[in-house]
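2 protein chains.
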Amino acid sequence: MDQLLSDGIKNTPPSFVRSILKAASDPDVTSFAGGLPNPISFPQEALLESMQRVVAEKGAAAFQYSATAGIDELRQWVADRYNTRFGTDYVLEDVLITTGSQQILDLLGKVLLDKGDGVIVENPTYLAAIQAFALNQPVFRTVELTDQGLNIAELEAALEAGAKMIYLIPNFQNPTGLTYSAEGRAQVREVLSRYNIVVVEDDPYGELRFEGESLPYIGGTQLPHGVIMGSFSKTVTPGFRMGYILTKDHELLANISIAKEAADLHTNVFSQYVVYDYLTHHQLDEHLVKIRDLYRSQARAMVEAMEEFFPEEVQFTKPQGGMFLWVTLPEGISTMDMFDKALARNVAFVPGDPFYAEPGKRSTMRLNFTNADEETIRAGICCLGEVIAEELAAREA
Amino acid sequence: MDQLLSDGIKNTPPSFVRSILKAASDPDVTSFAGGLPNPISFPQEALLESMQRVVAEKGAAAFQYSATAGIDELRQWVADRYNTRFGTDYVLEDVLITTGSQQILDLLGKVLLDKGDGVIVENPTYLAAIQAFALNQPVFRTVELTDQGLNIAELEAALEAGAKMIYLIPNFQNPTGLTYSAEGRAQVREVLSRYNIVVVEDDPYGELRFEGESLPYIGGTQLPHGVIMGSFSKTVTPGFRMGYILTKDHELLANISIAKEAADLHTNVFSQYVVYDYLTHHQLDEHLVKIRDLYRSQARAMVEAMEEFFPEEVQFTKPQGGMFLWVTLPEGISTMDMFDKALARNVAFVPGDPFYAEPGKRSTMRLNFTNADEETIRAGICCLGEVIAEELAAREA
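Sequence lines, in order, name chains S and Z.
full-length UniProt numbering puts the first sequence at residues 1 to 397.
full-length UniProt numbering puts the second sequence at residues 1 to 397.
For reference, chain S alone in the conformation it holds in the complex (with noise of 0.2 Å):
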């Protein structure tokens, strides 16, 4: 069989991800290694009230093949909504629905990358965003995050070693849990004007943020080949696999449509009716209020925890808004080592490597809050705290 396998897929990283997300499904443990919403997010019965009136209201068409850039109601809604968050003009033209956000990271790999063609992305960034242009066989170039954005100095050298697409996750990034502040945005925009690269901002969170205000998008309406990435996931449920991407740039849409076609043809239409039926029928923002505040209760939680087990020498950020905050251990501990101690004590976590585009032993690692009630997240950050103190311990030893 291995001779018959392109090298796109050869090239594309295992994806030990679920094995470990297999592992820490155990009952007994406490996981924070999923990527989970908590399922108060889904809202069930609104849900269903609505597909019984989709198939009351729109019989058969909810049930037919449908158009490839999704139903015309959902993409205006979408344009609406940012319109009114962000003051853009969007129209639904500059709107196509996708089978979640994780399409059209697929979409954008074959629409944009050719094999040895440069694609910047953080460091580190999503792991199935690296999945997804791996395929293609690009060459990554890399940018490390900061607290206030990008390292300019390494943005300028990865633009100049050229690139065609740079993706962003501008807002509690996945998996670091950090933001870009506004003066961080206008810098990373001055330097992206001055190339003719497509900018690609992955925003699945953008709505659950529960510190601080919104901020404005980096490229956007702002810049000529500006993409906004969006979802349900996080907001309605993610079992639909419904995103959507936003861009004034329609000969890229344009082609990103022929890549959908031949991809899947079209979004699950029952389900865009059901969730646009859903919107029309509720207050999303009502909505919104009850996750984030449970969310912002389960970061505290956590980053407390932090505070009061971890031993000095570990940071963590203190994420504003998403469902993950990142954990970064004294340089040389392996966390991928350190995976199954932690587990054999029944707590599990997403150890740092999948999420760099250059393999290696990181000492880093990705811990989801959204998916325990406090006292747990208390017990496990407790457990996870003497784990690394003992890892520590040997590593003096």
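Fair warning: there could be bad hints in the mix.
Since the list gives no way to pick one copy over another, a pair counts as held whenever it fits inside one copy or between any two copies.
With a Cα cut of at most 27 Å, we get these calculated DSSO-like pairs of lysine-lysine [to be verified]:
hint: 1; residue 1: Lys58; residue 2: Lys341
hint: 2; residue 1: Lys58; residue 2: Lys22
hint: 3; residue 1: Lys10; residue 2: Lys290
hint: 4; residue 1: Lys318; residue 2: Lys58
hint: 5; residue 1: Lys341; residue 2: Lys10
hint: 6; residue 1: Lys58; residue 2: Lys10
hint: 7; residue 1: Lys22; residue 2: Lys361
hint: 8; residue 1: Lys361; residue 2: Lys318
hint: 9; residue 1: Lys58; residue 2: Lys290
hint: 10; residue 1: Lys318; residue 2: Lys10
hint: 11; residue 1: Lys115; residue 2: Lys10
hint: 12; residue 1: Lys361; residue 2: Lys290
hint: 13; residue 1: Lys341; residue 2: Lys318
hint: 14; residue 1: Lys361; residue 2: Lys10
hint: 15; residue 1: Lys22; residue 2: Lys115
hint: 16; residue 1: Lys58; residue 2: Lys115
Keep in mind that the hints were calculated from the coordinates and are not lab data.
Keep in mind it's a predicted model, so treat the numbers as computed, not measured.
For this one, chain S is given, so just place chain Z on it according to the hints.
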């Protein structure tokens, strides 16, 4: 923008079928151009009942992120169905649920094809397979369809020239409506068994046989890299985008799973539960009888009208199932050029051109018979017969 686009997307044929479908969507037009199943095949009320049960019984699990391979219950159902129909020994580990069977084409292309690799396709073949494979810039090797299966001399030549995959639609092919005979299948199987090649059989219409008996697959479980593609689009609903792949080649399937995870993480899990619930609470076979009876009458009405109204020089297939038949006009007549003349008379079809991997003007056309009643079919074919007769007369003049 052009300099940012990949060679792969530039290599992908534009989807002008979509524009044809748009032109043909005028309610005054009798359209044989679409590829839409008849809405009779969507069990809307039964699906709504299933939705209520899924929300009540599965709750949050039906709205959360889920496994890339699909839910086990549905994978097992698919394995059982094929085992019952064909006496095979598929198990759930042989099945992966996909976002429509279109996604399988995308995944196979990614996992197998590098630039310049050979892929063998029927001539003509499903146009969106050409699109999906073209993104990977392979070399298409085409083999003529016969009324028994494939031209064996051309098949052997294509295999000798080198190919990693052969893509076949053995039942009621899209676009031609042709079905491989039992002997034709055995002959193709024997030839393929001598080569190391992935043998893909796309079978979206297999359950829609309205004449004759089901025949065994060419590869399936009988060749080491046999792959079957199936779909619920023609039996339950296309709007859910639900397909599946069956193969005993677990190394191939593991790689397809990695590519699927990078493409959309997993297929809409709510819809998976709903389809599974529907299949366990209803007799699919009884539902299929209704669809087959309707399509049989429609196909016969179209064939009879063609026998009555089409000029003698015109040839057409008489399908035993599926949704399409294929018309061949005398050489030198471009059905693409004829399209506008037919549309001016309010009849639409799909010109043959996009179904060939090699571009060029063709004298063939695809007609869909599942979306008009018998009277409309008769009137539309009568009108199309007149357009063809005029075209033949103009050619002789």
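- Those earlier numbered hints the structure runs against, lowest number first: Violated hints: 1, 3, 4, 5, 6, 10, 12, 15, 16; rest satisfied.
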